[in-house]
Amino acid sequence: MFKKIVFATDGSRDADQALGLAATLAKDGGGEMIVVHCEEFTLPGKGGGRYPTAVNEDELKAKIERQVAELSRDGVRATMKTARANVGGAAHVIAEAARNERADAIVVGTRGHTPLAGLLVGSVTQRLLHIAPCPVIAVPTQTRINGN
Amino acid sequence: MILICYDGSTDAKAAIEYAGELFDSQPALVLTVWQPFAEVLAGTPLGWGFAPGVLDIEKADDASREAAEQLAAEGAELARQAGFNARPRACTQLTTTASAILSEAEAVNAAAIVMGSRGLTGMKSLLLGSVSHAVIQHADRTVIVVPSPAVADSRRRQLRRDPR
Chain E
1 MFKKIVFATD GSRDADQALG LAATLAKDGG GEMIVVHCEE FTLPGKGGGR
51 YPTAVNEDEL KAKIERQVAE LSRDGVRATM KTARANVGGA AHVIAEAARN
101 ERADAIVVGT RGHTPLAGLL VGSVTQRLLH IAPCPVIAVP TQTRINGN
Chain U
1001 MILICYDGST DAKAAIEYAG ELFDSQPALV LTVWQPFAEV LAGTPLGWGF
1051 APGVLDIEKA DDASREAAEQ LAAEGAELAR QAGFNARPRA CTQLTTTASA
1101 ILSEAEAVNA AAIVMGSRGL TGMKSLLLGS VSHAVIQHAD RTVIVVPSPA
1151 VADSRRRQLR RDPR
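Listed in order, the protein sequences are those of chains E and U. The numbering used here puts the first residue of the first sequence at 1, with every later residue one more than the last. The numbering used here puts the first residue of the second sequence at 1001, with every later residue one more than the last.
Keep in mind that the hints were calculated from the coordinates and are not lab data. Some clues are possibly wrong.
When the alpha-carbon atoms are kept at most 20 Å apart in a straight line, the in silico EDC-like pairs for lysine to aspartate or glutamate are as follows [unchecked claim]:
#: 1; chain 1: E; residue 1: Lys4; chain 2: E; residue 2: Glu32
#: 2; chain 1: E; residue 1: Lys4; chain 2: E; residue 2: Glu101
#: 3; chain 1: E; residue 1: Lys81; chain 2: E; residue 2: Asp16
#: 4; chain 1: E; residue 1: Lys4; chain 2: E; residue 2: Glu65
#: 5; chain 1: E; residue 1: Lys3; chain 2: U; residue 2: Glu1069
#: 6; chain 1: U; residue 1: Lys1013; chain 2: U; residue 2: Glu1069
#: 7; chain 1: E; residue 1: Lys4; chain 2: E; residue 2: Glu59
#: 8; chain 1: E; residue 1: Lys4; chain 2: U; residue 2: Glu1069
#: 9; chain 1: E; residue 1: Lys63; chain 2: E; residue 2: Glu39
#: 10; chain 1: E; residue 1: Lys27; chain 2: U; residue 2: Glu1069
#: 11; chain 1: E; residue 1: Lys27; chain 2: E; residue 2: Asp74
#: 12; chain 1: U; residue 1: Lys1013; chain 2: U; residue 2: Glu1074
#: 13; chain 1: E; residue 1: Lys3; chain 2: U; residue 2: Glu1021
#: 14; chain 1: E; residue 1: Lys3; chain 2: E; residue 2: Glu39
#: 15; chain 1: E; residue 1: Lys4; chain 2: E; residue 2: Asp28
#: 16; chain 1: E; residue 1: Lys63; chain 2: E; residue 2: Asp28
#: 17; chain 1: U; residue 1: Lys1013; chain 2: U; residue 2: Asp1153
#: 18; chain 1: E; residue 1: Lys81; chain 2: E; residue 2: Glu70
#: 19; chain 1: E; residue 1: Lys4; chain 2: U; residue 2: Asp1153
#: 20; chain 1: E; residue 1: Lys81; chain 2: E; residue 2: Glu32
#: 21; chain 1: E; residue 1: Lys4; chain 2: U; residue 2: Asp1056
#: 22; chain 1: U; residue 1: Lys1013; chain 2: U; residue 2: Glu1077
#: 23; chain 1: E; residue 1: Lys4; chain 2: U; residue 2: Asp1024
#: 24; chain 1: E; residue 1: Lys27; chain 2: U; residue 2: Glu1077
#: 25; chain 1: E; residue 1: Lys3; chain 2: U; residue 2: Glu1104
#: 26; chain 1: E; residue 1: Lys3; chain 2: U; residue 2: Glu1017
Could you put the whole structure together from the sequences, leaning on the hints where they help?
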């Protein structure tokens, strides 16, 4: 049923746990995975420049590129899309990608059971719930996918 | 077991349909959460002083329970039409709707929780519709939040307009 799955990732381990489910959905439906990574930048201050909010942004990007290559090797059609936004803009970028691709679902990884970290880390997921033009599938840490 | 949260809204209906395609012919529990009248009263400025002799709390609760059971049954029927092996369940909320959903999910060891996005867009959705927020925040299982076609459409248009 799923022709297009947007997998939103920031390259973190929390995001990684949702990768398997996203890939399974794409594979089962003979569909395609769009791996969306949004680089967030600080707002320009008096000091001038804008900087990525993740200090190891290059590493993260390289890791996601490897993941996409691996998916393709496993027979999942996957393409990577990177975008840039001001800090706080990632959810919007992901929702836009889902709209442009006419995605059937947005899959995101979240941290379960950590209300405080969730306030900060999960804010992209929380915002997506309000603006996503398609269903959002949130996968928490150590989730069970097909256990009946 | 898939836990489907059902409140009768168009989003909840869309959620059932979507989940039916995703989890074909799996067992499902269709849950409607209702609030005992005592809790509703406790949340009003009138509080308990309003209740004695004016309203029959038991009668009010019976009506709420019946309405919830009817809703759950309606949801279960829709879920069966969507391909689920579904049964209905109505339960009261202990503290919040989200916590009731989470404890039911725990009780049946649900593989996933499915819910509608409550049909809200823009500003309204920032103020209301916090049930799915709270569920995602605290769930240790996959949560699927589905907007109705109408909500999805309006969000699509909204995205085009909004500058980043």
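These are the hints, each one checked on the structure:
1. Lys4/E with Glu32/E: Judged against 20 Å, a Cα distance of about 5 Å means the pair holds.
2. Lys4/E with Glu101/E: Given pair Lys4/E, Glu101/E holds - Cα atoms ~7 Å apart, limit 20 Å.
3. Lys81/E with Asp16/E: holds, 16 Å
4. Lys4/E with Glu65/E: Judged against 20 Å, a Cα distance of about 19 Å means the pair holds.
5. Lys3/E with Glu1069/U: violated, 36 Å
6. Lys1013/U with Glu1069/U: holds, 16 Å
7. Lys4/E with Glu59/E: violated, 27 Å
8. Lys4/E with Glu1069/U: violated, 37 Å
9. Lys63/E with Glu39/E: At roughly 14 Å apart (the allowed maximum being 20 Å), Glu39/E and Lys63/E satisfy the hint.
10. Lys27/E with Glu1069/U: violated, 38 Å
11. Lys27/E with Asp74/E: OK: Lys27/E and Asp74/E at ~10 Å, within 20 Å.
12. Lys1013/U with Glu1074/U: Distance of about 10 Å is within 20 Å: holds.
13. Lys3/E with Glu1021/U: holds, 13 Å
14. Lys3/E with Glu39/E: violated, 26 Å
15. Lys4/E with Asp28/E: holds, 11 Å
16. Lys63/E with Asp28/E: violated, 25 Å
17. Lys1013/U with Asp1153/U: Within the cut-off at roughly 16 Å; holds.
18. Lys81/E with Glu70/E: holds, 16 Å
19. Lys4/E with Asp1153/U: At roughly 17 Å apart (the allowed maximum being 20 Å), Asp1153/U and Lys4/E satisfy the hint.
20. Lys81/E with Glu32/E: holds, 13 Å
21. Lys4/E with Asp1056/U: violated, 53 Å
22. Lys1013/U with Glu1077/U: Holds, at about 11 Å.
23. Lys4/E with Asp1024/U: holds, 19 Å
24. Lys27/E with Glu1077/U: Answer violated: Lys27/E to Glu1077/U is near 30 Å, above 20 Å.
25. Lys3/E with Glu1104/U: violated, 32 Å
26. Lys3/E with Glu1017/U: holds, 17 Å
In summary, the numbered hints that this structure violates are 5, 7, 8, 10, 14, 16, 21, 24 and 25.
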